[in-house]
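Engineer: Modelling step: build the complete structure from the supplied sequences, incorporating the hints.
Chains as they are written, first to last, in this note's numbering: chain L, 1 to 115; chain H, 116 to 227.
The set of hints was computed from the structure by calculation and includes no laboratory data.
Computed from a predicted structure; not experimentally measured.
Where hints are given, some of them may not hold.
As the list claims (entries may be wrong) - Short, incomplete list of chain H residues facing chain L, as computed with Cβ under 10 angstroms:
| id | residue |
| --- | --- |
| 1 | N147 |
| 2 | F149 |
| 3 | Q157 |
| 4 | L159 |
| 5 | Q160 |
| 6 | L161 |
| 7 | F205 |
| 8 | A207 |
| 9 | T214 |
| 10 | L215 |
| 11 | K219 |
| 12 | G220 |
For every residue, glycine included, the Cβ atom is placed at its ideal position computed from N, Cα and C.
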Amino acid sequence: SQTIHQWPATLVQPVGSPLSLECTVEGTSNPNLYWYRQAAGRGLQLLFYSVGIGQISSEVPQNLSASRPQDRQFILSSKKLLLSDSGFYLCAWSVGTTSSYNEQFFGPGTRLTVL
Amino acid sequence: AQSVSQHNHHVILSEAASLELGCNYSYGGTVNLFWYVQYPGQHLQLLLKYFSGDPLVKGIKGFEAEFIKSKFSFNLRKPSVQWSDTAEYFCAVNSGYSTLTFGKGTMLLVSP
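Structural biologist: Okay, here's the thing in structure tokens:
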């Protein structure tokens with residue numbers, strides 16, 4: 001069966017420090033991968049998605065970037081964190097097709113606090 | 116751009132009460148619709164989905180949703196809620212290339 005892992009689970013970082021959040025998927029090949037930010041009362045905001053290695057689409061301009069160095073690995077990064085980057089970050093995957101008929105499966109999330 | 120509106124941010128019910136959570140979307144074409152649930156301390160998980168066919172969709176744990184195309188709605192229902200249904204519920208609609216647009220969520224609190 002497929003599983004999705006995220007780490008770390010929680011992270012406290014000072015303003016201006018770099019960030020690297022990792023997501024890996026097991027049990028499937030060539031998945032579509034997604035990074036979301038969840039804020040209380042604001043739902044889930046899609047940040048990035050990827051349909052293959054090295055292919056990244058950004059949904060909103062911001063202080064963050066994403067990379068997909070391997071088929072089942074998705075990394076969310078920042079060179080210098082801002083206070084506004086605090087939030088709950090979710091990684092998700094779906095079957096890797098161009099169809100929209102696929103549900104997304106979510107990881108446990110990372111709680112990031114920038115001080 | 117696609118948008119999803121969930122009418123209630125917080126809902127408080129007693130056990131055995133009936134539940135209906137509203138969801139409206141903006142896109143006028145063919146849509147795929149989803150309801151996700153996030154129980155306290157757990158992953159976001161799929162409750163049910165609509166792709167085509169019968170507009171009344173049944174999901175896990177006794178939930179159902181009805182797709183009404185003319186109203187751009189996909190409301191979630193449950194005849195009798197339980198304390199264990201306390202969670203945050205998100206409506207979502209496909210918005211293009213395998214991406215989803217989510218509503219802002221509805222926090223449901225069921226008192227025993």
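Engineer: Take the hints in turn and mark each one as holding or not.
Structural biologist: Right, here's what the structure says about each hint:
1. This hint holds: N147 of chain H has a C-beta 5 angstroms from the nearest C-beta of chain L, less than the 10 angstroms allowed.
2. A hinted interface residue such as F149 of chain H counts as satisfied when its beta carbon comes closer than 10 angstroms to some beta carbon of chain L; here the least separation is about 6 angstroms, so the hint holds.
3. Annotation: interface hint on Q157 of chain H holds; nearest CB of chain L at approximately 8 angstroms, less than 10 angstroms.
4. About 4 angstroms separates the beta-carbon of L159 of chain H from the nearest beta-carbon of chain L, less than 10 angstroms, and the hint is met.
5. The restraint placing Q160 of chain H at the interface with chain L holds, with a minimum CB-CB distance near 7 angstroms, inside the 10 angstroms limit.
6. Taken as an interface hint, L161 of chain H checks out: its beta carbon lies about 5 angstroms from the nearest beta carbon of chain L, inside 10 angstroms.
7. Hint status for F205 of chain H: holds, given a least beta-carbon distance of 6 angstroms to chain L, under 10 angstroms.
8. Look at A207 of chain H: its Cβ gets to within about 8 angstroms of chain L, closer than 10 angstroms, so that hint holds up.
9. Taken as an interface hint, T214 of chain H checks out: its beta carbon lies about 6 angstroms from the nearest beta carbon of chain L, inside 10 angstroms.
10. The restraint placing L215 of chain H at the interface with chain L holds, with a minimum CB-CB distance near 6 angstroms, inside the 10 angstroms limit.
11. About 4 angstroms separates the beta-carbon of K219 of chain H from the nearest beta-carbon of chain L, less than 10 angstroms, and the hint is met.
12. A least Cβ separation of about 5 angstroms between G220 of chain H and chain L falls short of the 10 angstroms threshold, and the interface hint therefore holds.
Violated hints: none; the structure is consistent with every hint.
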